[in-house]
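Sequences and hints are given; from them, build the entire structure.
Going down the list, the sequences are from chains L and A.
Counting from 218, one number per residue, gives the positions in the first sequence under the numbering used here.
Counting from 9, one number per residue, gives the positions in the second sequence under the numbering used here.
FYI, nobody ran anything at the bench for these hints, they're computed from the structure.
The following residues of chain A were derived to be distant from chain L, with all beta-carbon distances above 10 Å: (1) ASP129; (2) GLY145; (3) HIS152; (4) SER158; (5) MET196; (6) CYS221; (7) ASP230.
Straight-line Cα separation of at most 30 Å, DSS-like style, residue types lysine-lysine; simulated pairs: (8) LYS601/L / LYS99/A; (9) LYS601/L / LYS94/A; (10) LYS293/L / LYS460/L.
Using N, Cα and C, we set each Cβ at its ideal position, and we do this for glycine too.
Letter by letter, the chains look like this.
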Amino acid sequence: MAFTALLANKMRSLLTMLGIIIGVGAVIAMVSVGMGVKSDVVSSISSLGSNMLIVSPGSTDRGGIRGAAGSRTNLKYDDALAIKEKAKNIDFVSPSVSRSYQIVYGNQNWNSSVMGVTPEYMSIRSLEVGTGSFITENDNNKRNRVAVIGSTVATNLFGTSNPVGQNIRVNNQPFKVIGVLESKGQSSMGQDQDDVVIVPLTTAMERLMAMDYVSSVNIQVSDSNKMDQVQEDIEVLLRQRHKIIGGKADDFNVRNMTSLMETMNQTTTMLTILLGSIAGISLVVGGIGIMNIMMVSVTERTREIGIRKALGATFQNIMMQFLIESVVIGVIGGIIGIGIGCGLSMLVGKFGNFTTVITPLPVFVSFSFSVGIGLFFGIYPARKAAKLDPIEALRYE
Amino acid sequence: MGNIEKITISLRGIKKLYKVGDQEVAALNGIDLDIKEGEFAALMGPSGSGKSTLMNILGCLDRPSVGSYRLDGQEVAHLSDDMLAKTRNQKIGFVFQNFNLLSRISALENVALPLVYAGVDSDEREERAMYFLEQVGLADRADHQPNELSGGQRQRVAIARALVNDPQIIMADEPTGNLDTKSTKEIMEIFQSMHEKGRTIILVTHEPDIAVCASRQLLVRDGVITRDEGKGVVLDVV
Numbered sequence: 218m219a220f221t222a223l224l225a226n227k228m229r230s231l232l233t234m235l236g237i238i239i240g241v242g243a244v245i246a247m248v249s250v251g252m253g254v255k256s257d258v259v260s261s262i263s264s265l266g267s268n269m270l271i272v273s274p275g276s277t278d279r280g281g282i283r284g285a286a287g288s289r290t291n292l293k294y295d296d297a298l299a300i301k302e303k304a305k306n307i308d309f310v311s312p313s314v315s316r317s318y319q320i321v322y323g324n325q326n327w328n329s330s331v332m333g334v335t336p337e338y339m340s341i342r343s344l345e346v347g348t349g350s351f352i353t354e355n356d357n358n359k360r361n362r363v364a365v366i367g368s369t370v371a372t373n374l375f376g377t378s379n380p381v382g383q384n385i386r387v388n389n390q391p392f393k394v395i396g397v398l399e400s401k402g403q404s405s406m407g408q409d410q411d412d413v414v415i416v417p418l419t420t421a422m423e424r425l426m427a428m429d430y431v432s433s434v435n436i437q438v439s440d441s442n443k444m445d446q447v448q449e450d451i452e453v454l455l456r457q458r459h460k461i462i463g464g465k466a467d468d469f470n471v472r473n474m475t476s477l478m479e480t481m482n483q484t485t486t487m488l489t490i491l492l493g494s495i496a497g498i499s500l501v502v503g504g505i506g507i508m509n510i511m512m513v514s515v516t517e518r519t520r521e522i523g524i525r526k527a528l529g530a531t532f533q534n535i536m537m538q539f540l541i542e543s544v545v546i547g548v549i550g551g552i553i554g555i556g557i558g559c560g561l562s563m564l565v566g567k568f569g570n571f572t573t574v575i576t577p578l579p580v581f582v583s584f585s586f587s588v589g590i591g592l593f594f595g596i597y598p599a600r601k602a603a604k605l606d607p608i609e610a611l612r613y614e
Numbered sequence: 009m010g011n012i013e014k015i016t017i018s019l020r021g022i023k024k025l026y027k028v029g030d031q032e033v034a035a036l037n038g039i040d041l042d043i044k045e046g047e048f049a050a051l052m053g054p055s056g057s058g059k060s061t062l063m064n065i066l067g068c069l070d071r072p073s074v075g076s077y078r079l080d081g082q083e084v085a086h087l088s089d090d091m092l093a094k095t096r097n098q099k100i101g102f103v104f105q106n107f108n109l110l111s112r113i114s115a116l117e118n119v120a121l122p123l124v125y126a127g128v129d130s131d132e133r134e135e136r137a138m139y140f141l142e143q144v145g146l147a148d149r150a151d152h153q154p155n156e157l158s159g160g161q162r163q164r165v166a167i168a169r170a171l172v173n174d175p176q177i178i179m180a181d182e183p184t185g186n187l188d189t190k191s192t193k194e195i196m197e198i199f200q201s202m203h204e205k206g207r208t209i210i211l212v213t214h215e216p217d218i219a220v221c222a223s224r225q226l227l228v229r230d231g232v233i234t235r236d237e238g239k240g241v242v243l244d245v246v
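Here's what the structure looks like:
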């Protein structure tokens, strides 16, 4: 019955639906853009290491005089290996040491920070090697004197020529350049991430810096929801290994970057809600369109209502008839709107400069909203129809 | 018809008052009327006589201000809107001057409409609607929309619709007012045969030559019934 009535006025029904279609489409497209921005931010933060736990040594304490954080020398390479072996839900463990050295090539010199890392460092920091290759497990095991340099270092020492295969001197020891990192630009803290020389951890510890401890261990957790759990596991494990018992304080620190993540999450969620609610307004406007047309429809069909009432239709019968009609507009408009919204956000994702992410939630919410709007804005006209006096309605021309 | 004297409609002291400004105007001013089962009554009167108001009350479309209306033994004068709707659905079949068919649905669906509100399931609706369409000789037009039918055919569809829920009374308001002579004759023949089958019919008309078909003629004037005659008398309406 509702379909018959809607089909009788195809153009009008379509135009009415258009309001809902645009509303639902806009909500889905906007929210997907918002979610896209969010996922962009999340992935860029996690490239910095959002799922990252950083273990660093604690401060020294000699007779009550405490040193700087990280000044202890008891965080060992073996600790990192133990974490890798024993802790669950961990993707990568990357111990590292770092110190500044003068780097010399030919008659050029440059002062840069030299980092000793394991091959996993590449994954953990999402580094990419532009030319050449990264250090390997083999390099690490054999304490090879090889180095991967950042692009700033490469430019300063080699100018435009290819550094790969050349020998540089770090602290007067020869290192063979095996790769140049793809530029990562400045970090969010304003550091030049390309001003770095990466060498195998063991080489750095034993041949370059002569230290038997590491300055930090970066751990990438596989699931951001498990951060706290993993952090606790690691603390327990390290306390065991460092034989810290009872209420004694840790001699190490485990930090994570979730608070940064939370802030960014809040910001992007706000953005998504903002975009979604602006689009939501158009959905409400579409709802008013439904009400408008239903009012016209009720007036236009006054006589029909009169006939139906004369034949025995009750208040509820007439009410339902018009409500179903407006809900059907909402449902069909909602379905088409979902199609258009998804299509639009895919187009934006493909040709625009945004990442778009379609999640079921906004689709579901905007659809139920459009049905709800059909219902809500249908109630007044439907009541109006149902309350018509049959004698007046039959007399209506 | 074993129970010959069964009263289908019984009006007592029916008044319908309207407020016009400060004054109360009585459209109906004390009507007492009994219509027996199987009677074919013609209700006549000039415009403004209260004839339409009386018809609306008889058809349960309106309530009297004062008085009692027993329809088929049940007091219906002061029922709620929905109860009146139910009463119309079950006890009264309407035939209107301008047919009042729904234009977007087929003749069959039009006939079946009262059954929708009576809560009859769709198979039975179709079956019963088809039966009554056959009765008025329009079985072959079941799928046609009203605008594809002639005036006489439309009125026959409307009559089938009035009969479909087997009501106690048929209310016909100027059923031939929009029809040509030939169709008028056909329609009146249908009413006659319904009357012969024992239906109670109330026919509102202002044409004396239509009213003479009825077994009883009632003349309404200034809100009261002024004459109540049997068959054969020609009442002068004006």
